[in-house]
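With these hints in hand, go ahead and build the complete structure from the sequences.
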Amino acid sequence: MAEAIQSSSSASIVVTDDEPNMCAALRKLLGTEGYAVEAFTDPERALEHVRRAHPDVVLADLIMPTLNGIEVLKRVRQHDPSIMVIMITAHGTIDSAIEAVKEGAFHYITKPFNTNELLLTIRKALDRRREVAEKARISEHISRRAEQPEIVGSSKPISDIRQAIEFIAPTDSTVLIIGETGTGKELVAREIHHRSSRRDELFVAINCASIPESLLESELFGHEKGAFTGADRMKIGLFELAHQGTLLLDEIAELPLVLQAKLLRALERCEIQRIGGLRPIVVDIRLIAATNRSLERLADEGKFRRDLFFRLNVVRIHMPTLREIKEDIPSLVAHILKRLAVRLGKQDLAIDDEAVELLRAYWWPGNVRELENVLERTAVLLSGQRIAIHNLPPDLGRDEDLGRSTPPMTAQTFRDARDQFEREYFTRLLAESGGNVAEAARRSQISRRHLHEKINELGIQVAKTNR
1145 MAEAIQSSSS
1155 ASIVVTDDEP
1165 NMCAALRKLL
1175 GTEGYAVEAF
1185 TDPERALEHV
1195 RRAHPDVVLA
1205 DLIMPTLNGI
1215 EVLKRVRQHD
1225 PSIMVIMITA
1235 HGTIDSAIEA
1245 VKEGAFHYIT
1255 KPFNTNELLL
1265 TIRKALDRRR
1275 EVAEKARISE
1285 HISRRAEQPE
1295 IVGSSKPISD
1305 IRQAIEFIAP
1315 TDSTVLIIGE
1325 TGTGKELVAR
1335 EIHHRSSRRD
1345 ELFVAINCAS
1355 IPESLLESEL
1365 FGHEKGAFTG
1375 ADRMKIGLFE
1385 LAHQGTLLLD
1395 EIAELPLVLQ
1405 AKLLRALERC
1415 EIQRIGGLRP
1425 IVVDIRLIAA
1435 TNRSLERLAD
1445 EGKFRRDLFF
1455 RLNVVRIHMP
1465 TLREIKEDIP
1475 SLVAHILKRL
1485 AVRLGKQDLA
1495 IDDEAVELLR
1505 AYWWPGNVRE
1515 LENVLERTAV
1525 LLSGQRIAIH
1535 NLPPDLGRDE
1545 DLGRSTPPMT
1555 AQTFRDARDQ
1565 FEREYFTRLL
1575 AESGGNVAEA
1585 ARRSQISRRH
1595 LHEKINELGI
1605 QVAKTNR
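Number 1493 in my numbering belongs to position 349 of the sequence shown; there are no gaps in the numbering.
Keep in mind the hints are simulated off the structure, nothing from the lab. This one's a predicted model, so the numbers in the text were calculated from it and none came from an experiment. Any given hint could turn out to be false.
The calculated DMTMM-like cross-link candidates involving lysine to aspartate or glutamate, where the alpha carbons are at most 20 Å apart (straight line), are [claimed, not checked]: (1) Lys-1300 with Asp-1472; (2) Lys-1268 with Glu-1278; (3) Lys-1598 with Glu-1576; (4) Lys-1482 with Asp-1472; (5) Lys-1447 with Glu-1398; (6) Lys-1300 with Glu-1310; (7) Lys-1482 with Glu-1498; (8) Lys-1279 with Asp-1428; (9) Lys-1406 with Glu-1357; (10) Lys-1482 with Glu-1516; (11) Lys-1255 with Asp-1239; (12) Lys-1406 with Asp-1428; (13) Lys-1218 with Asp-1162; (14) Lys-1279 with Glu-1345; (15) Lys-1482 with Glu-1514; (16) Lys-1369 with Glu-1177; (17) Lys-1470 with Asp-1496; (18) Lys-1482 with Asp-1492; (19) Lys-1406 with Glu-1368; (20) Lys-1406 with Glu-1363.
So, in structure tokens, the structure goes:
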């Protein structure tokens, strides 16, 4: 027997129980609550309806003469594992109901059941289904197994980064990546993820500067339905989405102070709470933060929480600018052109040596990202297969930019220019001192403590040499 009760509610429930009175009682109760209900005494017919209608919840009696509830559960999950199955059981079969939960049932209720308990269990099942659907919707846009990232170059800074990744990846330590825009901070974060034990889970990245402050908290931590005006459905945040995977917070210096406190709490407790939520949600993530600013200096200025800085500054990687690794430009160009050849259908895409030398001479304020954009624009407009020097944008050949190793002073903010000068000054000073901090401090006439602070603040790697 089957009978439907139509409702304005979008939630649909299928009931299967060999007792007609139980089917009738559940159909009436749930219909009164606004659910669309189909009730069947024959479990095979119930399964046929499930395959056609894709309901949200299935209520199945555990013991039925033709097909038991465990088999119903297995078939429903084979068809659609996101459908929530609730088992109906008598007191004498509770052990079997517990076994059903282990097999994937959402929960079980016992006969005679308490009406409030039943309705609460169904509401929780629907909440879980919405969570599963939301996570699946977001995950469609994030590849579980993205193309293996590749860090190109053989310069010492790039070799040092590769070595650092080799040591860092197997751990769950928080990583802070510092570098100018376009230097490849996300690429390094992805490489760490792909070499870690979390490689089969999601890598989730968010740019904290690209999302309005009013939306950022919901994006990170999620919200419950009705938590604020316009919250017409539950939303899981990126912390939940990245559970057991890796979360990259890019441009973390732009995170508002109020969210910095919530982030610190999430990292310390390994749990988050959605906006409007009443219960904490356990999250297991590996956090990587990236920035193009000095968090230590921002902390001194009261613009970044010092306790959060200490929590993030466990392992630090400094990304070199492209002008600092000009010897890697030829291999970078070859790598980029190889990818463009596939994407643009120009299989024999190549470049003249003279054009490569012009690319080496430019100062690249936008770093590798700018190099990629220049080569893509050139390749798209190229009528043939080989890039000559005259095919490159004319701006690259301006006399004042050729041979420049640093950006012109007016192209930078005072803070960026100061950071760049200090980084280059102390890097060269330490190199000339053979990596001896005491000797470098003596030469610069500053205290060793101050020098250590600068080394940490600027992300300088000290390598001792035999002198």
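A quick look at each hint next to the structure:
1. With a C-alpha separation of about 10 Å, the suggested pair Lys-1300 and Asp-1472 falls inside the 20 Å cut-off, and the hint holds.
2. Taking the CA atoms of Lys-1268 and Glu-1278, the gap is near 15 Å; set against the 20 Å cutoff, the hint holds.
3. A distance of roughly 17 Å separates the Cα atoms of Lys-1598 and Glu-1576; the hinted pair therefore holds under the 20 Å criterion.
4. Distance check on the hinted pair: Lys-1482 and Asp-1472 sit about 16 Å apart at the alpha-carbon level, within 20 Å; holds.
5. With a C-alpha separation of about 9 Å, the suggested pair Lys-1447 and Glu-1398 falls inside the 20 Å cut-off, and the hint holds.
6. The straight-line distance between the Cα atoms of Lys-1300 and Glu-1310 is roughly 15 Å, inside the 20 Å bound, and the hint therefore holds.
7. The straight-line distance between the Cα atoms of Lys-1482 and Glu-1498 is roughly 19 Å, inside the 20 Å bound, and the hint therefore holds.
8. Between Lys-1279 and Asp-1428, the direct Cα distance comes to roughly 16 Å. Compliance with the 20 Å bound is thereby established for this hinted pair.
9. Taken as a hint, the Lys-1406 and Glu-1357 pair is honoured in the structure, with Cα atoms around 14 Å apart against an allowance of 20 Å.
10. In summary, the hint linking Lys-1482 to Glu-1516 is supported, as the alpha carbons are separated by about 12 Å, within the 20 Å threshold.
11. Straight-line distance between C-alpha atoms of Lys-1255 and Asp-1239 comes to about 14 Å, which keeps the hinted pair within the 20 Å bound.
12. For the proposed pair Lys-1406 and Asp-1428, the alpha carbon gap of about 16 Å is at most 20 Å, so the pair holds.
13. Taking the CA atoms of Lys-1218 and Asp-1162, the gap is about 18 Å. The hint holds against a cut of 20 Å.
14. A distance of roughly 13 Å separates the Cα atoms of Lys-1279 and Glu-1345; the hinted pair therefore holds under the 20 Å criterion.
15. As the CA atoms of Lys-1482 and Glu-1514 are separated by approximately 17 Å, the hinted pair is consistent with the 20 Å bound.
16. Only pairs whose Cα atoms come within 20 Å are accepted, and Lys-1369 paired with Glu-1177 is accepted, the gap being roughly 19 Å.
17. In summary, the hint linking Lys-1470 to Asp-1496 is supported, as the alpha carbons are separated by about 17 Å, within the 20 Å threshold.
18. Between Lys-1482 and Asp-1492 the alpha-carbon distance is near 9 Å, which keeps this suggested pair within the 20 Å criterion.
19. Between Lys-1406 and Glu-1368 the alpha-carbon distance is near 17 Å, which keeps this suggested pair within the 20 Å criterion.
20. Restraint check for Lys-1406 and Glu-1363: the C-alpha separation of about 13 Å stays at or below 20 Å, so the hint holds.
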